[in-house]
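Undergrad: Construct all of the structure, not just a fragment, from the sequences and the given hints.
Number of protein chains: 2
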Amino acid sequence: MAPDTATTATLGTYDPKAPGLRTWHDALPRFLAGADTPRAYLERCLEVIEVREPEVKAFVAMDITVARKAADKATTRYRYGRPLSVVDGMPFVIKDLYEVKGMPTELNSPAMRGYGGDKDCAHAMVLREGGAAILAKTVTTEFGSSDPGPTRNPFDITRTPGGSSSGTSAAVGAGMVPAGTGSQVRGSIQRPAGYCGVWSIKPTFGALNRLGGHSMSPSQSVLGVEAGSMEDCWATAYFISSTAGGDPGHPGLYGEPHLGEAKKPTRLARLDTLGWDGTEDDTKALFEDFLGHLRMQNVDLISRHDDPDMEAFEQALTTIPDFLGDMFCWEMKWAGKIQREKGEHLISEAILGRIARGEEMTIEDYRRCLDMRDSLRAAFDRVKGKADAFVTLSAQGPAPVGMAVGNPVYGDISACTAAPALNLPLLADRGMPMGIQLLGHAHQDYDLALMGRWFDQVFLRD
Amino acid sequence: MAPDTATTATLGTYDPKAPGLRTWHDALPRFLAGADTPRAYLERCLEVIEVREPEVKAFVAMDITVARKAADKATTRYRYGRPLSVVDGMPFVIKDLYEVKGMPTELNSPAMRGYGGDKDCAHAMVLREGGAAILAKTVTTEFGSSDPGPTRNPFDITRTPGGSSSGTSAAVGAGMVPAGTGSQVRGSIQRPAGYCGVWSIKPTFGALNRLGGHSMSPSQSVLGVEAGSMEDCWATAYFISSTAGGDPGHPGLYGEPHLGEAKKPTRLARLDTLGWDGTEDDTKALFEDFLGHLRMQNVDLISRHDDPDMEAFEQALTTIPDFLGDMFCWEMKWAGKIQREKGEHLISEAILGRIARGEEMTIEDYRRCLDMRDSLRAAFDRVKGKADAFVTLSAQGPAPVGMAVGNPVYGDISACTAAPALNLPLLADRGMPMGIQLLGHAHQDYDLALMGRWFDQVFLRD
Chain A
213 MAPDTATTAT LGTYDPKAPG LRTWHDALPR FLAGADTPRA YLERCLEVIE VREPEVKAFV
273 AMDITVARKA ADKATTRYRY GRPLSVVDGM PFVIKDLYEV KGMPTELNSP AMRGYGGDKD
333 CAHAMVLREG GAAILAKTVT TEFGSSDPGP TRNPFDITRT PGGSSSGTSA AVGAGMVPAG
393 TGSQVRGSIQ RPAGYCGVWS IKPTFGALNR LGGHSMSPSQ SVLGVEAGSM EDCWATAYFI
453 SSTAGGDPGH PGLYGEPHLG EAKKPTRLAR LDTLGWDGTE DDTKALFEDF LGHLRMQNVD
513 LISRHDDPDM EAFEQALTTI PDFLGDMFCW EMKWAGKIQR EKGEHLISEA ILGRIARGEE
573 MTIEDYRRCL DMRDSLRAAF DRVKGKADAF VTLSAQGPAP VGMAVGNPVY GDISACTAAP
633 ALNLPLLADR GMPMGIQLLG HAHQDYDLAL MGRWFDQVFL RD
Chain B
213 MAPDTATTAT LGTYDPKAPG LRTWHDALPR FLAGADTPRA YLERCLEVIE VREPEVKAFV
273 AMDITVARKA ADKATTRYRY GRPLSVVDGM PFVIKDLYEV KGMPTELNSP AMRGYGGDKD
333 CAHAMVLREG GAAILAKTVT TEFGSSDPGP TRNPFDITRT PGGSSSGTSA AVGAGMVPAG
393 TGSQVRGSIQ RPAGYCGVWS IKPTFGALNR LGGHSMSPSQ SVLGVEAGSM EDCWATAYFI
453 SSTAGGDPGH PGLYGEPHLG EAKKPTRLAR LDTLGWDGTE DDTKALFEDF LGHLRMQNVD
513 LISRHDDPDM EAFEQALTTI PDFLGDMFCW EMKWAGKIQR EKGEHLISEA ILGRIARGEE
573 MTIEDYRRCL DMRDSLRAAF DRVKGKADAF VTLSAQGPAP VGMAVGNPVY GDISACTAAP
633 ALNLPLLADR GMPMGIQLLG HAHQDYDLAL MGRWFDQVFL RD
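Each protein sequence line maps, in turn, to chains A and B.
Start counting the first sequence at 213; every next residue gets the next number (this note's numbering).
Start counting the second sequence at 213; every next residue gets the next number (this note's numbering).
Any given hint might turn out to be false.
Identical copies look the same in the list; a pair holds intra-copy or inter-copy alike.
[Said to hold, decoys possible] PhoX-like, lysine-lysine: derived pairs with alpha carbons at most 25 Å apart: (1) K313 x K331; (2) K549 x K285; (3) K554 x K285; (4) K331 x K554; (5) K596 x K476.
Calculated from the structure, these hints are not laboratory results.
TA: Written out as structure tokens, the structure reads:
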């Protein structure tokens with residue numbers, strides 16, 4: 213990895229061992245030794261941005277002056293050996309569903325044009341207090357749903373970066389910044405992270421404070437982090453949770469501030485999930501090959517064929533399409549109607565349709581959705597302890613050509629179970645990034661991240 | 213009850229059998245029969261407001277034009293026998309922690325002067341859609357905490373109405389309107405409803421949608437309804453929940469749209485709670501006398517002395533002061549700092565102190581608070597089924613003289629257990645209202661309301 217030298221990617225020749233990602237945790241010793249500074253690091257980011265941003269289009273707003281000031285202050289603190297935090301001086305970008313002082317919050321919707329800018333959301337506030345150089349807001353889909361923004365995949369600009377965390381994934385994948393926030397209701401962190409070759413953590417539901425953010429599906433929305441390394445994902449997420457807290461009433465992220473030693477999993481459970489049938493054949497073959505490598509590492513693999521509870525859980529996953537759509541339509545009714553009042557022409561047909569469906573529904577319809585989700589969660593509880601973690605793909609194939617942001621189905625398992633999940637950018641699929649998802653039970657985030665480090669060492673560092 | 217004739221109250225001679233409350237459910241047959249109209253009803257409200265509001269000071273904003281238009285439209289619909297809903301034409305007021313189109317949301321804080329007015333919160337939206345005549349925003353305490361607004365108790369203007377739902381309680385208690393919303397984190401619905409002789413429902417946590425509201429203590433804040441009768445409390449709360457839903461992820465209020473037949477409790481559990489020691493002697497004697505009347509009605513009464521689980525629960529309640537304050541300080545940190553940035557001179561010393569405490573805390577401190585609350589909830593679960601409901605006071609004495617909003621301690625039991633509670637305005641304590649609280653387990657709201665109706669019939673209609 214030579215994070216500070218790769219400035220452009222060659223199309224269709226993605227190499228997961230040399231992706232051009234930018235890392236932060238390994239820069240801190242150089243800052244403290246006087247061999248590098250946060251300001252110089254930021255300027256290198258800006259150089260990449262100058263080259264890549266015109267085609268990648270990851271950002272909706274940028275404030276270089278504010279970021280440079282923060283980087284300069286951090287530079288002084290490192291000089292005296294006194295950084296404020298693990299994020300001191302780190303160039304950071306924030307998904308445009310969350311509010312940031314000095315930049316509007318537009319949710320990729322003309323109905324929100326020019327909104328906000330008067331305050332920092334909870335995670336922007338603590339990152340700024342910790343010295344981070346908050347540089348930009350990143351493109352999302354309309355209201356975090358499906359209508360895409362202008363962002364392109366950094367490894368092939370004819371392809372989507374995925375959504376709804378489109379801009380953050382593309383910016384980190386292109387090596388423009390070391391880290392940023394995403395958020396996920398279905399597959400909005402894991403899938404774009406997978407498409408863009410980025411490390412990500414979608415933590416246990418409620419582990420990172422969402423205050424100051426906008427979500428139309430509050431009962432499943434989760435704030436997460438995407439970064440150029442597992443270490444940076446973890447340290448940033450832990451910093452946010454330990455300072456801003458989790459969502460009110462939630463205990464936040466358990467673990468250590470810095471990621472400890474890599475942990476080899478003894479046994480993993482392979483999940484097909486309801487997305488397997490629609491997965492491209494080449495991608496299926498790639499996954500089977502990956503599992504073969506795991507077996508060669510003496511990792512025990514189990515599946516639905518080895519255990520009736522695993523089979524029952526896989527079957528429960530197939531109920532997701534029966535409740536998820538309606539669940540969101542009900543939850544978005546109020547926020548959707550507020551937007552629709554501004555003018556129907558400002559809202560996509562897809563969103564208008566969902567609001568209308570929410571208006572047709574009764575509270576009994578919504579309760580049936582919650583009951584079905586509860587049943588899925590109960591089936592998930594019954595497979596707890598059967599393996600150290602679950603492993604599956606992050607998407608059904610590499611990022612599709614065009615602007616449609618891809619199928620979120622592989623995100624549904626962790627989203628509907630409120631469980632943590634990582635994207636590990638371990639594979640190349642026909643010259644494009646392909647992510648492996650590692651999933652656990654609630655509050656197993658730190659353990660997952662330690663395993664993520666093991667995958668990094670075994671699959672990318674050899 | 214002659215709700216439309218009482219326009220002023222005589223100080224210090226409160227009679228719970230003739231409080232001057234305004235009811236709505238019993239007006240609907242008259243509207244349908246053409247004997248009365250929503251517009252005429254509204255005008256009678258406005259007459260009382262003209263007399264009482266200058267001294268009671270319940271409102272921060274009022275829009276008579278909008279309310280009259282809504283009442284006129286409802287009048288036409290009743291004329292054709294086609295009201296939109298149970299709230300069609302009902303004059304309604306909304307606590308100023310919640311947003312209402314056309315009126316600012318100021319949270320009784322100079323830091324919020326002029327904020328909002330561009331949209332309806334979720335419950336205002338559905339009430340308006342149901343035809344309600346939304347008339348005013350009601351005074352609260354600073355950010356819903358302890359610093360009082362100008363409102364006075366309608367039964368003695370030298371006394372507080374309580375807080376933080378000060379204005380709604382006073383407005384309904386004075387007979388100015390039939391109903392309004394309150395919200396509660398500790399005792400902010402039950403206590404002022406008790407002080408002002410008003411019926412209230414503080415439902416199961418999450419049962420009424422809070423979107424579009426502002427709370428600094430989100431993990432305990434609950435939206436509720438105060439009204440001139442148990443029937444109106446229930447029908448309004450049920451209407452809000454069945455249309456706007458509960459909080460996202462919550463199943464909402466279970467039960468029927470209209471309150472059914474009164475239900476006599478077979479057995480009640482008397483709770484002293486940690487507030488009993490500080491309760492005034494006269495009020496203690498009044499409560500014992502009330503329990504005596506219950507026994508005469510052949511209601512079986514149990515207490516901490518009859519059951520080790522009840523004793524354990526009472527003891528668990530005494531741990532509340534060990535976690536509640538810190539819990540709120542952590543949860544308000546982000547929202548508090550956003551306000552403080554506008555200028556410390558705009559924020560009370562009390563709030564500044566809590567923000568500072570929140571900044572000192574670690575996430576481990578907060579987790580200890582959550583763990584203690586979980587232990588209390590576990591102790592509460594163990595007394596489930598021991599009685600049909602729990603009964604206690606709504607406050608330690610009648611509304612105190614002065615502006616301080618009184619001790620919320622009797623609200624803590626339902627607030628910390630996420631359980632439903634009613635205020636029943638059954639008693640007079642030295643010429644002022646004194647409320648009885650009826651409490652249940654989560655989702656027992658409807659059952660409680662049916663019992664509330666029985667108390668009304670037995671204690672007020674004889």
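Undergrad: Would you mind marking each hint as holding or not holding in the structure?
TA: Evaluation of the provided hints:
1. K313 x K331: Intra 4 Å, inter 22 Å, cutoff 25 Å: intra and inter.
2. K549 x K285: Classified as between; 22 Å across copies, 44 Å inside a copy.
3. K554 x K285: between (42 Å within a copy, 24 Å between copies)
4. K331 x K554: This pair counts as both: shortest intra-copy Cα distance 23 Å, inter-copy 10 Å.
5. K596 x K476: within (18 Å within a copy, 45 Å between copies)
Hint check: no violations occur; every hint is consistent with the structure.
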